[in-house]
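Participant: Going line by line, the protein sequences match chains S and L.
Residue numbers for the first sequence, in my numbering: -9 to 355.
Residue numbers for the second sequence, in my numbering: 552 to 872.
I should point out that these hints are in silico values taken from the structure, not numbers from a laboratory.
Treat the hints with care, since some could be wrong.
Okay, the calculated bits of chain L under chain S, using three or more residues with CB under 8 Å as the criterion [unchecked claim]:
no. : stretch
1   : 627 to 637
2   : 660 to 673
3   : 785 to 797
4   : 833 to 841
Simulated pairs of lysine-lysine, DSBU-like, Cα-Cα distance not exceeding 35 Å [unchecked claim]:
no. : chain 1 : residue 1 : chain 2 : residue 2
5   : S       : K230      : L       : K801
6   : S       : K125      : L       : K801
7   : S       : K230      : S       : K125
8   : L       : K870      : L       : K801
9   : L       : K801      : S       : K154
10  : L       : K870      : S       : K125
Glycine residues also receive a C-beta, built at the ideal position from the N, C-alpha and C atoms.
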Amino acid sequence: MDRMPGWADAVLVPLISLLLAAILSALVILAIGENPIDALQLMVEGTLMRSAGWGYMLYYATNFMFTGLAVAVAFHARLFNIGGEGQAMIGGLGVALVCLYIPFPHWTLALLGATAGAIVFGAAWALIPAYLQAKRGSHIVITTIMFNFIAAALLNYVLVNLLKPVGAMDPASATFPATTHLPSFQDMFATADTPLFRGSPANVSFFLALAACVVVWLLIWRTRLGYEIRSQGFSESAAKYAGISPVRVIVIAMLISGGLAGMMAINTTQGEAERLILNMTEGAGFIGIAVALMGRNHPFGIFLAAMLFGFLYQGGAELALWTNIPRELITVIQALVILFTGALDNMVRMPLERVFLGLRRRDAR
Amino acid sequence: MDFLTLIQVLDSTVRLATPLLLACLAGLFSERSGIIDIGLEGKMLAAAFFSAAIAYVSGSVWMGLLAGIAASMAFSFIHGLASITFRGNQLISGVALNFLASGVTVLIAQDWFGQGGRTPSLLAGGRFEPITLPFAEALRDVPVLGPLYYELISGHTILVYVAFLMVPLTWWVLFQTRFGLRLRAVGEAPEAVDTAGVSVVGLRFAAIVIAGVLCGLAGSYLSTGLQAGFVREMTAGRGYIALAALIFAKWRPWYALWACLLFGLLQAVALRYQNIDLGAFVIPVQVMDALPYILTVVILAGFVGRAIPPRAGGEPYVKER
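Here chain S stands alone, though its shape is the one from the complex:
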């Protein structure tokens, strides 16, 4: 077989791609007259050396796990869902409606209700693009991009015209009732003597994200549906021949994807802001693409990639605070990661394959 070993494909290629992205990012920092080593040190100190930094990092990572899983599930069916951003926005609407209009006695019930709201609304927003792709062959990438913009306009309309409390200025809903408050890490882990995670937004939905990773792993590799999704991804004609309906698989995979993207709203809307705000997604829907690509569409990889991006996000905020490096540096890093792990994959893979083939030939001799 003219192929390189599995471990090299799964670990070495993404690592080298990541390294290339890191080197270019360092060059960018150098170009704007800052020291990359100092910058990294500042990021590590601001994120990993204090518990509030961890609190922010895990908060961001929660978002990225949900959106990364959303992109990955669709990728397994060979669908590129760029609509995570829009699905998360509408998921946020679901969370807000549930939290505002259903009187919950306790946060555990509120969490269940909000999860259901997020999944139903997020999935519903993915339904039309999924249906159009499955039935009418409209390209899912284009339709989901369009649905992102439509979602933004819809959210804007709902907030300004319907949900905004009378007399309020900023386009945001009323604050949710206190019983829907999710315990933050500070509530859970800080005691009077050890003030851990002070003021940081990480909350119980982090564990929900971890659970989602496990569930997605089970779904993709341990269930019949997961098998069907992967078959569809490998070869639609083969899957069809095996009696798997492409329409059904495309729609279900996109519904799961939309539901997962919607779930990130639990973290930002119910967990952090405790009201629905206009910019509730914070671009996390798009970062899901980078996270899924880097994590090789595997939940464990996605967990690691989400943590890395959580670190970059919090570290980027520290840099913006203490140096002249704007937060947009993180957007550049994100772009480079997507470019190298997604689009320029072959640039790393081809030479690496050649190296491995060369080694094998020498062994054979």
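Since the structure of chain S is provided, determine the placement of chain L on it from the hints.
Facilitator: Below, chain L alone, put in the same frame as chain S:
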């Protein structure tokens, strides 16, 4: 609505349709050759920044224009490297380039000018001035035709006229020249083009270079024609609207003109009226914002005529061995 208001709305439509049209034609060349380009937005943004920045530093808008085109072409080249040379995923490459532009422009703007990710306002000489066509002043007072000529047709910057001239030029290049025939062929059946002994890679690179130039013009117009300077995210989704217009136009140049004018009109109306009161009910401004995207989805769904993209679009060409 009186006549003068109508003229003003149409005038604003022409202005707002110009960047859409240039970007849409860029996408047309690229996608006709089989390279899907969702990085139009990023290329425009990069061009907008470098045009404004260089025009400010050098004081010459023409230097700015060149810099904008160069920046856009650099992005095109990365896209070509990823999607043609290394046969990567064209969609992912486009997404990456959009993020790269969005980050890099603010990063460099902050480093060079320190004004929170924008360029200083451009003074005269640093931006394109409106051109008054011959006899416009003289004919101004002629009823109906006078204002039409003076307000609507005359008084735009050079790039507006260039954009509109690009439509027949694009049609001519694509449908009347050998190069155009080959370019369209490479987007439908690259294996046939390859068999005929014409370089698939060469043609596709040529197409994305043209796309780079057109996106450069579009971005440059945004920051040196439509507005006087660069602000962060100033493309504001225009690249995606251009993409929508391209689908709406079914990948044809003349249809692209009408699609872009329609979407430009929607933007102009949304800009001028906010919420539209029709007496019985009010159309909120958000509906106008979302309408281009909704229309595109309807077209994509195939309910109003079918939009069939070039057959080989999005697939890297691998020569059989």
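Participant: Checking one constraint from the list: CA of L/K801 to CA of S/K154, max 35 Å. Satisfied?
Facilitator: violated, 40 Å
Participant: Hinted pair, alpha-carbon criterion (35 Å max): S/K125, L/K801. Please report holds or violated.
Facilitator: holds, 20 Å
Participant: Keeping to a limit of 35 Å between CA atoms, is the pair of S/K230 and S/K125 held or broken?
Facilitator: Judged against 35 Å, a Cα distance of about 15 Å means the pair holds.
Participant: Confirm or reject the coverage of the stretch 627 to 637 of chain L by chain S under the rule of 3 or more residues with a beta carbon closer than 8 Å to the chain's beta carbons.
Facilitator: holds (count 5)
Participant: The stretch 785 to 797 of chain L covered by chain S? Criterion: 3 or more residues, Cβ-Cβ distance below 8 Å.
Facilitator: This one holds; 4 residues, not fewer than the three required, reach chain S with a Cβ under 8 Å.
Participant: Within a Cα-Cα threshold of 35 Å, do S/K230 and L/K801 meet the stated pairing?
Facilitator: At roughly 30 Å apart (the allowed maximum being 35 Å), L/K801 and S/K230 satisfy the hint.
Participant: Regarding the pair L/K870 and S/K125, is the alpha-carbon distance no greater than 35 Å?
Facilitator: Distance of about 32 Å is within 35 Å: holds.
Participant: Are three or more residues of the stretch 833 to 841 of chain L within 8 Å, CB to CB, of chain S?
Facilitator: It holds, with 5 qualifying residues against the three required.
Participant: Would you check the hint for L/K870 and L/K801, treating anything up to 35 Å between C-alpha atoms as holding?
Facilitator: At roughly 29 Å apart (the allowed maximum being 35 Å), L/K801 and L/K870 satisfy the hint.
Participant: Just to make sure I understand the rule, a stretch counts as covered if three or more of its residues have a C-beta closer than 8 Å to a C-beta of the chain. Does the stretch 660 to 673 of chain L meet that for chain S?
Facilitator: It holds: at least three residues are needed, and the stretch 660 to 673 of chain L offers 3 whose Cβ sits within less than 8 Å of chain S.
The structure is inconsistent with hint 9 alone, although it conforms to all the rest.
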